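So the sequences go chain by chain: E and B.
Numbering-wise, numbering that gives the first Met the number 0 puts 352 at position 353 of the first sequence, and it's gapless, one number per residue.
Numbering-wise, numbering that gives the first Met the number 0 puts 429 at position 430 of the second sequence, and it's gapless, one number per residue.
No wet-lab data here; the hints were simulated from the structure.
Please note that a few of the clues may not be correct.
Stretch-level coverage of chain E by chain B, calculated; a stretch enters the list once three of its residues show a Cβ under 8 Å from a Cβ in chain B [unchecked claim]:
id, segment
1, 12-22
2, 28-41
3, 351-362
Okay, derived cross-link-like pairs now, DSSO-like style, lysine-lysine, Cα gap no bigger than 27 Å in a straight line [unchecked claim]:
id, chain 1, residue 1, chain 2, residue 2
4, B, Lys-160, B, Lys-7
5, B, Lys-235, E, Lys-253
6, B, Lys-324, E, Lys-9
7, E, Lys-360, B, Lys-434
8, E, Lys-27, B, Lys-324
9, B, Lys-342, E, Lys-27
10, B, Lys-440, E, Lys-360
11, E, Lys-27, B, Lys-235
12, B, Lys-131, B, Lys-285
Everything numeric in this text was worked out from a predicted model, so none of it was measured.
Glycine included, C-beta positions come from ideal geometry on N, C-alpha and C.
Single-letter residue listing:
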Amino acid sequence: MSEEIVNEIKLPNESELILSSSPHLHVKQDIRKIMLTVLIALLPTTVAGIYFFGFDALKVIFYCVAFCVLLEMLWFKMAGKPMSTVKDGSAALTGLLLALNLSSAMPWWVCLIGALLAIWLGKQVFGGLGHNPFNPALVARVGLLIGLPGYMTTWVPTKLMTQTPVTEYSKQFFSPTGLTDLAAGNLDAITCATPLGVLGTTEKILDTTVQATFLDVSSLDACWQYFIGNVGGCIGEVSALALLIGGVILVATKLIKWQVPVAYIGSVAIFTYIISSIWPGVTPMPLFHILTGGLLIGAIFMATDMVTSPMTTTGAVIFGVGCGIITCLIRIWGNYPEGVSFSILFMNALVPLIDRFARTKPFGFKKLIAKGADA
Amino acid sequence: MSAKSAYKVVTFSGGVHPDYDGKDLTRECAITEAPLLDQYQVIVHQNIGAPPKVIVNTGDEVKKGQVIAEANGFVSVPLHAPTSGEIGKPIEVPGPMGTNVPVVVIDADGKDEWGELMPPIDWKNSDGDTIKDRIRAAGIVGMGGAAFPTHVKLSPPADKKIDYMILNGAECEPYLTADHRLMLEQPEKVLAGAAILAKSIGVENIYIGIELNKQNAIDTLLAKADEYNVKIIGLKVLYPQGAEKQLIYAATGRKVPAGGLPMEAGCVVQNVATAAAVFDAVVEGKPLIERITTITGTPVVKPGNWKLRMGYTVAQALELAGGVKENPGKLILGGPMMGFAQKSLQVPIAKNSSGILLLARNEVVQYESMPCIRCGKCVGACPMNLLPGTLSSQIESESFDLAEQYNVMDCIECGSCAYICPSNRPLVQHFRRAKAEINMKRRAQQKK
Ligand code: SF4
Ligand code: SF4
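Next comes chain B alone, as it looks inside the complex (with noise of 0.2 Å):
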């Protein structure tokens, strides 16, 4: 290997090695399309911010990757039609959040024919507005699991200057490897869609981490980074390194102030399927109305990554993988430490459904209220370097001002420390419930 193409590697402190990461069943799976149903229903509110107006109604006909719910404010983007065909009746389904959403559902023609794609932009030459205006007609919005408006992270404040553009390829995520495949299978539009990223920002760095566990995507990229300006930084294997703020530290040793956001160490980080979305943006003209899902899980006859249209529905897209062999104890959609448990296998694929994990019966963890031993093993796992057995327990007598004091406002809820601890303590459930808690009394208090 040439000097210029070799990369460091780097990581941050506390994490944890799950025991089993389950990457070995669809590692060597190729990104498979996914056939075409005759029925998608897609859920109109797949960002975060606000849900985009639906502009369509039952009976009209769409093209492929036409508009069907409009942008409403700067934090939303717009949604577009899967594929060609007529607008159904308005129906709601179960979300992926547990409570029913509205879907837009789309009785497909068959034909699949595209609408008028958008020109293509000449991104070397143009500014970033440009750039960014396109990002959010184009729908797109953080892919690796927050569905955050891109665009939105895209323009900071003038006061702020970007000095890092950092792509998360780490996917640290036990059994995911989505990612994995795309940098694998698709390389230049990683590394392009960094290049247009950085330029809309008007950023020189731009740094792609990569866990080592994926030595053949860090040499893929390798071999064709420099064209594009982007260096790659080997990330070690250790979750949850492709945390923003864990990320950004491994890679420029800057640190995120507490509370503050990733701009704010001018840095800011997208995801590696979100950079080849904004490719296909940006050069080709296409909204974004598909994604790489990882289907695995020990459950599962055919474990593979595929191509998914927005509105394939969980149960459409496990009989893509061959069903299951044996009745599995949970479902997730995400990966398996920050994923959603669901209970229906109607729901609906959206832009951050990373995966849809099947764990078996005896892979099912309960966690039990056992007191908490204090062996601080939590301690050494929690990437914000909190004390999570403490809080657990001033959260577990109600004391939600020391928690708050102890700087519970600062988890990221990755589960390291759930994941560690001996005692099975339900550790993340009491942070998001004291959260919940603080955000509320915060409210009150500046209504008052």
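Just chain E, same shape as in the assembly (with noise of 0.2 Å):
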């Protein structure tokens, strides 16, 4: 070894040595990634929702987002904490989810109300993020809907379904004016119904015209269109394909429990399918319920929230579980034909106990009570 350079050689600064405690490495993850990948997770349904609704859509999930990351800040600024959190993204998501639980038909001033009861109502009161007990964008949601039913209950159609001539399939979702106003052309204030909707003007008795409703709803062509998107509801709502694409990403990416949606979706589909079974007339065949209305994106992106969902994968299994039963519930025999937004709020309000009752046991516990330590 030639070491003449000895006299080069370099040792660390000791005042710059940073204290701290062990561990001294830490994964490359943060808030702020975690929120981005949710935001990417959701831009097939938001891309889809804009396909099949419009720049009407475009102009909601602007709305929402904008306001949502403002009242945050005035939060902020108000409640004199640094601004530099809203950069986590939390708003912003919450925001764009908020969106996607409305119609497209939304004037601006309710979706403020709407950011309002989200980021303040739903979040901050609470403590901010990590605090908050309830899904902020499903308080709101819940919130408009008992506030401004009307608002919250008028649906406009998609773009495809207003084609003209209107097809077999579309026209069980438009009522005899709408059909009248859609061959005159004149399209801008036409509504349609939801495939829930339309069960729940149905009467729920073992009549079969009721059964032939549940047929036509729930025929293979329909469960297509509601696949790929087609059809009335929330901007996020309809395409049940570009949310399951969301939902592998957010499983791939191991961001939420994966137990949550298939327990959910899981109890949904067993649980109307012996009721479908026994009793025809009440509820149409489990994929109708997947397909339709708030489920696939209550399963994947509301119930999943991290925030507000139980911590173990037991937890996560029985919350999933409760959302389905609640829901399906709600759906069958409740007074809103859906159930999805109020299941999940439910579910939240008893994660306290989840999370108690599904504790996890350390490792080597169960010896020491074999010893006989009474506890």
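Fit the two chains together into the complex; they arrive one by one in their own frames, and the hints show the way.
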């Protein structure tokens, strides 16, 4: 070894050494990246929504995201908190989720109220991100549904549905006046029903006409239309395909516990299968339930919200099954055609209980109990 | 490969995979003997338990390997001179835990002369106590990091039957390769050391667990394992594979009861470096005065594995490695997951200094208390199956009783949770704090 350069050996400068507790490594992941990934996972759904509902959908998305971010900033300003927290992206995500849970016909001021409900009531009054017990976007959705039911139950058809001649599939969602308007090319104020809405208006009895309606709304062709998203509803609920792509992204990046959507959708499938097999007049087959309404966006993007769902995998299963059963109960026997938002909010409220129940046992804990340490 | 030398691959549940394990920096670096110094500063208290009592005075001449401090009680080990020379004035220097510690100063005479070595022991035909006494006399402690006196671990109460001797060759800490090189370069020492350790407690089943990223070490040990009746176990590359309870579970399927010691699962775990030191002590009569340390990190000019005597300072060790290319942001004794950050370069190497790691400024992570977003990542990562996120919220609101009910005392401070937490929460710091509070409370209750 030729070490003539010994004098040039440079040693660390002690004053620049940072003291801190172990571990000294950290995964290359943070809240911001998580939120960004979820936003990316929502991209297919967002694009599908804009494709099916056009420029109006884009406007609603823009309003909701902008209002949510601005209101969050305003809150921080008023609370004297550092503005940098806005950069975590959670307000933008809440905004997008809110928009995807609204109809594309929503005026800007409803978006503003929704953003207020989501960011202030849903999140900040509880102490901000991480402390909110309820999914903020759903707080807003349910709040609007109660306060402004008219706006929240008025649906516009997709661009494809209004193309003339109106297909047999599309016809079932328009009222007679709607069809006249359509024929006259009077598209401005035209509204349609959602598949779940069609069900809601039929009497739930063992009647053959009801069963015929069921067959219509749950025919293979109809299910295919629901799958791609050619159906009335909220901007983000319509395309099952786009939502499933997002779900795959979230599971692959391990950002959600796959147990939640699987337990949720699985329990809806089993529940509705049993009911529709025993009483064919009560509700259509499972595929209809899975593809319509907010089930997929709820199961994949809303129920899986980290902050408001259980921490353990056992808890996640309980949570998912609970959501599924309540959704079915509301859809089949409740006063509202849709039950996804209510069921998730209800289960959100139970999360502390579920977490306590589904607590993990420490490694090696059983042995101690077996030894007689009665606790 | 013959069926005889095949090995099974096992693991535990939980754990994390660091993005970059830094082992490539030193994996190929053969162990090099460090040159003699003019002066050694040997930390007196290098073992868990009572500090040994210094028995030399300023001006005394000592030989290499001579006892300079005597064990003080059962949980204590003697300390030996790393070279021959004259004892200097006792001083205090910065220690690895941040406080100043007393050291014995030896001004080397350059002859590096051994004193009288202890007589070799014919361990195959000797009883357990003879071996244990020798291990203690040689000043051997757990060299993987804990520095717990080895003879104590080898002395379970009479009613505890030990079935397994397990050597930890996992070296799951990123960056460190000292154990890897040891197994590769001195396999017989490790294997014989394992056999001696097993013999000392009368155990037949001897396992050495090695992570699969050290395939050449596995192959090397496998080739000779049968001679020593040792079984090699392949461990999946997953941190903290080398944590005692996790290693025991992976190797034997036994679970150490929560709050209990390995012996309650009939196991004793020792580090491979400790086994090699045991070999030296029993077969060659040499006390523990040196160890293999990985000097590494991206800012280091020439990362490598060095055999350092106790009393080398961090600064002197870094000089061996050519110093630094750029000013580092962090100096760590040990590995990056459980090691201790240092402020001073004057800290001397101790028996448990497995690594000297420098992190560049952009590699340093700062933990800030962001809110827990309840993502549950920490739950999946915790090898002890705890709820780190929940615990940390409880501790933040000072609910230590609740944290105790949620078993914070079972935390092994492996850091997996803090590593994975996207909210960058100082989880391990929280748990240390809670444990200290709970221990204080328990002590107060005992007094009453
Ligand atoms: S809680 Fe303790 S044992 Fe569990 S991952 Fe964190 S540091 Fe490791
Ligand atoms: S990993 Fe961090 S943010 Fe996620 S649950 Fe654990 S403590 Fe909370």
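Problem - Violating hint indices (sorted, rising) - result: Failing hints: none at all.
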